[in-house]
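Can you make the complete structure from the sequences, with help from the hints?
There are 2 protein chains.
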Amino acid sequence: MEMRMTDQQPTLRVRDIGSFHVGGHMVRLEGLPARVRVSTAGGPVHPIDPNGEVMAGQMYVQYVCLAEPKSPVPLLMWHGGGMTGVNWETTPDGRPGWQMFFLRAGFDTYVSDAVERGRASWAPFPQVYPEAPYFRTAKEVWEEVFRFGPVGSWHTDPARRRTHSGLRFPAAEVEAFLCQSVPRWSCNDVATQRAYDALLRRFDDGVVILTHSQGGNFGMTAALHAPERARAVISLEPSGAPDPERTDARLVKDVPHLFLWGDYLDQHPFWLKSRTASERWRDSLRDAGCAVTWIDLPAIGIHGNSHALMSDDNSDVVAGLVLDWMRRQL
Amino acid sequence: MEMRMTDQQPTLRVRDIGSFHVGGHMVRLEGLPARVRVSTAGGPVHPIDPNGEVMAGQMYVQYVCLAEPKSPVPLLMWHGGGMTGVNWETTPDGRPGWQMFFLRAGFDTYVSDAVERGRASWAPFPQVYPEAPYFRTAKEVWEEVFRFGPVGSWHTDPARRRTHSGLRFPAAEVEAFLCQSVPRWSCNDVATQRAYDALLRRFDDGVVILTHSQGGNFGMTAALHAPERARAVISLEPSGAPDPERTDARLVKDVPHLFLWGDYLDQHPFWLKSRTASERWRDSLRDAGCAVTWIDLPAIGIHGNSHALMSDDNSDVVAGLVLDWMRRQL
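Chains as they are written, first to last, in the working numbering: chain A, 178 to 507; chain B, 178 to 507.
No lab work stands behind these hints: they were computed from the structure. Just so you know, even glycine gets a beta-carbon here, dropped at the ideal spot from N, CA and C.
What the simulated footprint calls covered on chain A by chain B, stretch by stretch (three residues with Cβ under 8 Å from a Cβ of chain B suffice, anywhere in the stretch; the number is not a length):
id	stretch
1	220-232
2	253-266
3	345-359
Here are a few chain A residues that sit away from chain B, every Cβ distance over 10 Å (derived from the structure):
id	residue
4	GLY283
5	ALA468
6	ILE472
7	ASP473
8	LEU498
9	ARG504
10	LEU507
As structure tokens, this is what we get:
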């Protein structure tokens with residue numbers, strides 16, 4: 178491949194870039210009072226009727242398709258809770274994201290924003306969603322969900338924030354990471370799963386599903402719903418997993434699964450509890466004869482990774498492990 | 178350039194794909210009651226404190242940079258109200274969007290989601306935004322904002338919807354277009370302008386600004402704030418424009434401006450009123466010696482365009498007019 182002198186990276190040969198929505202249905206708003214709209218600063222004040230049909234439940238998917246992909250199947254990239262596909266596009270310190278990594282590795286990429294967020298939009302509450310959303314605070318991001326520092330280590334003053342020892346997340350750029358956050362609801366799991374399942378039905382020749390955090394449960398469940406289309410399932414620190422008491426793992430016995438975990442998981446009870454569900458599902462998969470790989474990064478000598486594995490300063494190293502595993506499956 | 182046999186389109190040679198946020202600042206939420214969070218279906222119920230710092234005011238920008246751009250400056254693509262950058266990525270009937278059109282024409286593209294929407298996220302109301310958002314109904318989209326059909330022509334049953342005679346919008350796919358809609362507020366003009374201005378400051382060598390609808394006022398104002406960086410301003414059916422009584426058009430006398438309008442503008446009073454602001458600013462620009470091009474598509478024999486010019490079935494024809502104009506300016 179041709180090399181550019183400026184950045185030593187080969188040029189990507191791209192066939193198409195675009196996007197689409199899947200799912201979505203019309204819902205009717207009723208009983209709302211009339212209001213006015215101002216469309217633009219200084220523009221006319223316009224009476225409007227907010228009652229009527231609006232769209233709800235759609236998911237957004239953006240694709241980059243290569244002129245000559247090396248992988249026989251595309252890579253679907255599913256973000257975690259309170260986040261969008263932006264997680265895969267860039268790192269907080271401005272390095273190339275995993276989307277570019279896997280494009281350069283020869284995969285067509287499909288990066289989605291799940292129902293309720295980002296370019297998927299969201300629907301009115303309490304008229305359509307029964308509850309108000311939740312805005313994750315910087316403290317919760319730092320100390321709990323993404324494990325940048327121990328409990329009590331967040332501080333408004335950047336100079337007084339503390340991180341876990343050896344942290345590989347670029348903590349000085351945490352504000353850029355917080356810009357990627359979006360509000361989240363707890364009431365949209367069914368609609369979200371339905372949209373992911375609808376996405377899979379577009380790919381007759383199969384896909385690789387790569388998920389992060391909240392996306393993990395959706396990805397493993399999508400594979401159960403369409404095992405013939407799921408060529409591999411990769412779950413980065415899944416915050417949940419199917420329940421083996423209620424789900425037959427033999428449905429996906431021919432679908433290889435990779436679980437991958439970072440560091441500091443013992444630093445917050447949320448993660449100790451969340452990890453248990455994946456361990457149970459892993460064991461059930463193995464009992465069913467499924468090929469399961471379980472990587473604890475610290476156990477193979479890679480220390481310091483946060484929950485934001487694709488944002489950490491060794492994100493390409495972690496992506497490389499995922500790529501090596503995928504190449505062995507495809 | 179190499180041609181593919183499959184789709185007769187040349188391969189794009191791409192140097193980089195990624196994204197970033199501009200603007201954004203931390204705000205503090207206080208006085209909210211404690212609540213619980215369920216992160217994943219069947220996962221642990223977790224107590225959380227919703228009070229603390231969250232990010233607000235950021236804008237999202239996604240770029241595709243070519244290995245060998247033909248244009249000396251990139252193209253910034255700014256959507257309209259209640260919409261996101263998705264408008265530029267695809268058409269409701271699945272044809273390539275204007276982003277691909279201008280990539281193929283040799284422009285690096287920067288497609289943004291303005292403050293309050295899409296991957297820019299939004300901030301809590303009434304704590305940060307003073308008011309609730311507004312969800313545009315399908316009827317309002319159809320009859321008023323996007324001018325697909327006359328007043329009274331929207332119907333829940335697709336078979337009973339009527340369009341304007343000769344409409345070029347793919348009306349059978351209006352649900353796909355509605356999937357692109359996002360909630361909108363009327364209170365974020367200042368934050369949005371600030372973010373657009375911050376975006377321009379990243380481009381020392383200048384840009385072309387291409388806007389639609391609500392984006393028009395932001396684009397024309399951004400040029401006033403940084404005329405040395407705005408190499409050209411293209412406003413597709415701007416819903417507003419700077420006020421010549423309060424703004425000196427001579428600031429942008431060296432910045433060529435293109436205004437472009439579709440059909441059926443006389444079919445709704447909203448558009449007759451909105452267009453007046455642009456006419457006044459156009460006249461003021463001309464008086465200041467600015468090179469202004471004003472295109473009414475019907476006047477040059479192109480009939481049937483809705484407000485969604487980049488979605489209409491002749492979207493490539495309209496894009497071609499814009500491209501021809503740009504080539505004469507750059």
